[in-house]
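Chain order of the listed sequences is P and B.
With my numbering, letter number 183 in the first sequence gets 442, and the count goes up by one each step, no holes.
With my numbering, letter number 660 in the second sequence gets 919, and the count goes up by one each step, no holes.
Think of the hints as simulated: they come from the structure by calculation, not from any bench.
Hints are all accurate, no fakes.
For lysine to any residue, the following SDA-like pairs were computed, each having C-alpha atoms within a straight-line distance of at most 20 Å: (1) Lys578(B) / Asp626(P); (2) Lys580(P) / Gln624(B); (3) Lys580(P) / Phe632(B); (4) Lys798(P) / Pro887(P).
Keep in mind the model is a prediction, meaning the values are calculated, not measured.
Number of protein chains: 2
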Amino acid sequence: MLPRGRPRAMGAAVLLLLLLVVGFFLFGRDPEYGLGTTATLDEDPYGSRNLSASSPQLLLPPKCEMLHVAIVCAGYNSSREIITLTKSLLFYRKNPLHLHLITDAIARNILETLFRTWMVPALVVSFYDAEELKPLVSWIPNKHYSGLYGLMKLVLPSILPPSLAQVIVLDTDVTFSSDIVELWALFGRFSDKQVVGLVENQSDWYLGNLWKNHRPWPALGRGFNTGVILLWLDRLQQTGWEQMWKVTAKRELLTLMATSLADQDIFNAVIKEHPHLVHPLPCVWNVQLSDHTLAERCYLEAADLKVIHWNSPKKLRVKNKHAEFFRNLHLTFLGYDGKLLRRELFGCPNQFPPGAEQLQQALAQLDEEEPCFEFRQQQLTVHRVHITFLPHQPPPPRPHDVTLVAQLSMDRLQMLEALCRHWPGPMSLALYLTDEEAQQFLHFVETSPVLSVRKDVAYHVVYQDGPLYPVNQLRNVALAQALTPYVFLSDIDFLPAYSLYDYLRASIEQLELDSRRKTALVVPAFETLHYRFSFPNSKAELLTLLDAGSLHTFRYHEWPQGHSSTDYSRWREAQAPYRVQWSADYEPYVVVPRDCPRYDPRFVGFGWNKVAHIIELDAQEYEFLVLPEAFSIHLPHTPSLDISRFRSSPTYRNCLQALKEEFHQDLSRRYGSAALKYLTALQQARSRA
Amino acid sequence: MLPRGRPRAMGAAVLLLLLLVVGFFLFGRDPEYGLGTTATLDEDPYGSRNLSASSPQLLLPPKCEMLHVAIVCAGYNSSREIITLTKSLLFYRKNPLHLHLITDAIARNILETLFRTWMVPALVVSFYDAEELKPLVSWIPNKHYSGLYGLMKLVLPSILPPSLAQVIVLDTDVTFSSDIVELWALFGRFSDKQVVGLVENQSDWYLGNLWKNHRPWPALGRGFNTGVILLWLDRLQQTGWEQMWKVTAKRELLTLMATSLADQDIFNAVIKEHPHLVHPLPCVWNVQLSDHTLAERCYLEAADLKVIHWNSPKKLRVKNKHAEFFRNLHLTFLGYDGKLLRRELFGCPNQFPPGAEQLQQALAQLDEEEPCFEFRQQQLTVHRVHITFLPHQPPPPRPHDVTLVAQLSMDRLQMLEALCRHWPGPMSLALYLTDEEAQQFLHFVETSPVLSVRKDVAYHVVYQDGPLYPVNQLRNVALAQALTPYVFLSDIDFLPAYSLYDYLRASIEQLELDSRRKTALVVPAFETLHYRFSFPNSKAELLTLLDAGSLHTFRYHEWPQGHSSTDYSRWREAQAPYRVQWSADYEPYVVVPRDCPRYDPRFVGFGWNKVAHIIELDAQEYEFLVLPEAFSIHLPHTPSLDISRFRSSPTYRNCLQALKEEFHQDLSRRYGSAALKYLTALQQARSRA
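With the rest of the complex left out, here is chain P:
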């Protein structure tokens, strides 16, 4: 497929003169059709509206040619931004893409997980450690909100692989509304001397007339914006770029003290000195919605906006009379279901990410007519996972600390504030959301006075895919992200006793547990049927409510076997922790070391998901110790759709039964005759049913 480029290149050289003539007639109406839209906002003050910039016929690279994109990304918020940018890129692209991400440890942690689970064909992602680059730019005083990270764009030519001849560099706050291949093709218009492609800055900043005593860095006319850069890397190396920008920056810093706009000031100062280096790009490739933007001069003329740049610190809230229009473009990708971008590029080789082909085969082998097809499909589904979706402060290392682990979907969001009031310690929560809901969730947390201050709560978004709720996959995501030695495995509709967090830590210390000891501390579970009730402040108050019938032991009427082993009557009187034995269908809420067994992901939808986990603990010889002062209370809520389906569908119940049996077969394989008691218990339960 690839070698076709060569005759094209020859043809192109021969035909360039011919095209210039053709172009004039055919594309005279051109400002209306985008590609050739003027490179400067005013008349052509420094000769940039040359033929190469306004001639519209682009020579696109061959179908399967890889395009390279570099982005600097640091922290939680930029990690969310870059995903929206990537969605817009992937939506329009028709070429394989290689993302070169220069990240801090936070962004890398988030984005590695995200891209691995996203499994987009024909997308390669490489990471570069921003920490290592800091010394290269930290000597430059900078006042811009991007901090040191903005400046890192200056050193890309020295850190990207030498094999890379060209790269497009993007800020995280841009959105594509066209195929990046058209931007890539603009490299073809560079003259021999040009090494960097940029769009003119769409504000008067560099003209120095914005306010009195405003003294910007030197720039050619309005200067250029560095939100979108075409870098011709090997030429930059040959030109001595590194030396060049450092000399310029050091000289200007003698009088200017600091950069105001980070790398952009330095790029502009270099270009002012060496104007032949820059290839001006059409304005539509970087429509800048900064405060006091002049972008209107660009987009009112153009038919087709290619890249929107939210380069105001206000981002989407920037004031602009067409803000709604641009926001809609951005919101398109903010809420876009990322799994729809798992699209192959027909006819391109080697495009599948690790595991994708095996997964496709496994899915293809499922029998759509089989009654439990939906279960099988759901179990195989790889969900996109965005860990630490919001800014998070990891807990300091403390030997007895406990993280509350739970999972939820949008319909339990209203539990979060109450939960935060009841549990002052770290939490790790997995949320099962659509891309659109993730944005609503973000808004919900940001506007909640209770949630917005709790940086010790880590939210991990697992994106929805498929008809059944992957409850145990969610629990495993939250569990894997817990950072303390112990975890409290809870459910979102439970509120722990106000004292539980302190009490658990004290108990762990007093019992001299250490994380190698296989102990599961049981937190007895109760429930109220009332939406409004006053939460007991002590075990004594709880017992009073229990005796008054305002509280019950959890599922006493519907599913007593789930908690009977906890032995509530003993608990009433207990003054010290006591050991209890596993019995069939036991599913207490427990505190265990973080390295405890994972939940079995085969259980999707409703039913038996915790029971299987407790069996696993018992099989691994965890000791169950009930804590005498611990309790947690279940609040009422509308039954989930999954429960409704379970209750109404015999197929659903049969499939759950099949899953249980498979689980037991696996248990026997792993634990041998020791697992016999679980199977016996299951069979007894079955014969009772």
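Dock chain B against the given chain P, drawing on the hints supplied.
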């Protein structure tokens, strides 16, 4: 802006020869870049791979030129399909569009409301009555699933306005993945004689070798598919199209008895006879995913698919090894938030639909810093409304019939089955959903044995927009769509007595109400706090539960004034309907004539939305009559996020107070001193608070 086309046209004529040469060199690699992708699946059996079809340089029409699209659409399901198609069209389009919709009464009713409330700039929609066209094609025997409607494409040249020279005709089951202007530009490649542009049929159907004794209509080679047609209308008229197709059809029907593929058979038969009429289009403009499709030969080569055609009766469930890829393209628009398409076309005149500019101004005048800004904005929001989202059988006219009216969002979906069991009569339900949720809802109904058979339940989707729940706007949508003389204004979390539907109709008859009499029949409201309880089969059973404390009168503890006027102690003993008086904060569930006052849409979010409606009824001198055997029971559910916000936010409560006061000012304006009692009541309530 417009007159620029003229020099272009001249230039184009002069340069055509030049281009043919240029094109050869520049676009030799062309199969990879879509525009010139081969017009036939095999070698070129009938000369269609001519220069006009493979030369890739398109002359696009001027920026603001209107493009015309005609679509035949009938019934509920096609009305949903056409919206997805329209979203894909609007997403990529950069020109004004005029949709010419040939509809039956059902589709027209749905789509008129939808497009009016969608308020998309630069989109014009005209309707044509399919009923009037039926006689023109009903003489043609047809076996295709599209019925008579497919055949109507044949008569478009005679019914579209004579001013229309060209039109693109689309089936409802196509999805665009590119800008339709590129398709429109292909008119520019028609020779003088060509009148219809079509893509080759991507199956062997017309070769007649699919099965033994398969005898298709005559066609040129593989024939053409009519899912996407470029019609050059004035030329067709001049060619005597009407005469031509009728003669051909009548002749073929002598031996073939009926069309198998509707209009497509006839188009092909005409083209077989007059091959010079057809301009073959590149295959990417109609990638056909029929059963046994050969489309792979097209899309594996092409870089860029322009239009996907789901022309199997199985639609999205068609088996194809790349089905997932195509489904993702389609799902993109199925779940796409349609409000994001309310995007203006910069620089084009007269693009705003009726009311849009006033609305924008009103929104622009709101003060974003004002504490009740969100309320004001929500009140002004125009929601897209899709009435009768699912197939619906309107109730037969019956003078005492009652429709249950309610509204819900996704988190109350599990109420629907129970509601259907309790209310065997007609219902009109408004659902507040995102586009994505609307698809989940569709799936939910289709897979529910209870819901899928209830054709007397009309579901009206109101698409989400804004942070506050527009409860009264939703009620008004459901109310406006009720088709019986009476309506029972209920809430989704209430289950009516099993006998209520019959009892209400009998009561209306016995009380000799007629829809001019201003009577509101009160259905007393109760509540249970238990998720599982056995619903009383009679008033006697209900009273027993009440005495046992398993049931309560509705909100007895939290908001007794809401229902105290109903006078539950009198109801216990009552044998006949009795009249009650309005009192402050009264909000009973009532049965009223369909033409009752609408709900006040200013109440958004939680609070006072029904109270205001009952005041309105009282102010209009409705008589409140409590029915002695009627009852309805509220089931518990998780509090909505809006209620949580109300409880926790003083701003929210203050804004609600401001709304109440404005409501009372309006009341005084409309009812004068008669409205004084409501204001007094409000002030008393306030002083108590």
